[in-house]
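Trainee: Chain by chain, the residues:
Protein chains: 2
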Amino acid sequence: MTGRRSLLLVGTGLVGGSFALAAKAAGVFDHVVGVDLDPKALAEAVARGAVDEAGEPAAAEGCAAACVAVPVAGIAACVRQVAAKVPVVFDVGSVKQPVIDALAPPPHFVPCHPIAGAAGGGVGAARADLFRDRTVVLTPTDATDRAALNVVRGYWRAVGGRVVVERAEEHDRRLAMLSHLPHLLAFAYVEVAEGAGGLAGAGSGFRDFTRIAGADAQVWADILHANADAVLGHLDELMAALGELSEAMRGDREALRARIAAAARVRRALEAGGL
Amino acid sequence: MTGRRSLLLVGTGLVGGSFALAAKAAGVFDHVVGVDLDPKALAEAVARGAVDEAGEPAAAEGCAAACVAVPVAGIAACVRQVAAKVPVVFDVGSVKQPVIDALAPPPHFVPCHPIAGAAGGGVGAARADLFRDRTVVLTPTDATDRAALNVVRGYWRAVGGRVVVERAEEHDRRLAMLSHLPHLLAFAYVEVAEGAGGLAGAGSGFRDFTRIAGADAQVWADILHANADAVLGHLDELMAALGELSEAMRGDREALRARIAAAARVRRALEAGGL
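These protein sequence lines map, in sequence, to chains A and B. By the working numbering, the letter at position 47 of the first sequence is numbered 47, and the numbering carries on one by one without gaps. If you want the working numbering, it's the position in the second sequence, counting the first as 1, plus 275.
Be careful, since some hints might not be right.
Covered by chain A, according to a simulated footprint, are these stretches of chain B (three or more residues, beta-carbon under 8 Å) [unchecked claim]:
| id | stretch |
| --- | --- |
| 1 | 338-347 |
| 2 | 449-461 |
| 3 | 478-485 |
| 4 | 496-504 |
These aren't lab readings, by the way, just hints derived from the structure by calculation. Note that beta-carbon positions come from the ideal geometry of N, C-alpha and C, so glycine has one too.
Please build the complete structure, drawing on both the sequences and the hints.
Mentor: If you want it as structure tokens, here you go:
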């Protein structure tokens, strides 16, 4: 169709579906061709209005851009499959360096990570405002084309994101601490809490602490696997801190109080700063 | 004053202040005498209307009941100080057996734990509806007077709580898992995350996971110290689970996915069940 600006969306889950909804609402694209290995997810994305046309990767021909929004382990293969057919391709994965390493990425591939999510996942939770005021990290390599980078930066700004550029390795190390380690802890904690005899009567602290454990299992298995070195490095640091706190719990209550007070101050400062 | 039903409130923080507000709103008491080691906290409780009269423990004479709402390490001493002056005395501490052990408790002392809180703490966050639809655990001993138990049960029901009775030891073991261990993890995690170079750009998952780390340091140092055996026992279980998940992160992604999926199912079922 002449004049139509089409997006190829590979992976029609929460993040991809939200990008499609948001980009159409912002007028960046007026047509979205969706591709998903799971026909149910694809049908749901069509029903939600995120996808206008269920397609195949071959449908990338004529699209202005391709957004690859699949779990981390599948990103490189999907980018390879569609890159030659579109002027710009970008992903939304939570781990960047392993994807870059697996790809020898073409210059018009822009690695992206919008730091936004919703409990449960799936296109059913997709929202046009998912990226509003949320940080979107772009991790171009030295080989990334500057024009492609600017185009993709424009997409994220159009959907309300706050774009920052960071080295992929630094991003992965930072997110291992701020996102991947908490997920690992929450998964392990829910497992042992359930095993210890039920979760009835848990309070609001438990509810908040474990919310991230309801995340998509495939997405998170891929993230933790891809970023295992960084996450397990940070887990070692946590274990050391827990060892010291455990000792204080057995003896020095004032040392324990002082460490808790320091952590509480950090957390309250974040809240006051509008976390 | 003739006919006045007075409560002696020892400790005018979040939980005590909320109980005073709620009990007056429900008509259980019409006058609250407040006692606090911290004159600022006491003045704030008066300003908030939680306390009608700043007093001394000696003011317990003539009160219908005493509520001891101080950090765990101080409960036994406060109960001892006021018990002889009132027909009924109860506490609100998060750990029960060590308090009972320290007291050789009089029959009219009813150990209580309302499972309700608010980030930050302090009487500034007190609310008359803090206990509405929240679980309140009563842990009477064999020596506890049944009439006193019923009186205190009535107070908690009047302020909207769902009262359950449980053995103190079982309560402490269960809460170690459902509340104390998550707090320990959140304190340790915030400490190492801050140390690793700043928390800027953290997402909503981080915000929820760390919310409990903003808790009151004295309250939580006392809880973790008093319940150290149970908490550290559960921490060992968590370490074992983390060890297995770490191995799967290095190798078997499908095993990792299956374990995450099981945890996610548990968490989502809780959410669906109205956690």
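Trainee: Does each hint hold? Answer for all of them.
Mentor: Results of checking the hints against the structure:
{"no.": "1", "hint": "338-347", "in the structure": "violated (count 0)"}
{"no.": "2", "hint": "449-461", "in the structure": "holds (count 10)"}
{"no.": "3", "hint": "478-485", "in the structure": "holds (count 8)"}
{"no.": "4", "hint": "496-504", "in the structure": "holds (count 5)"}
Violated hint for the displayed structure: number 1, the only one.
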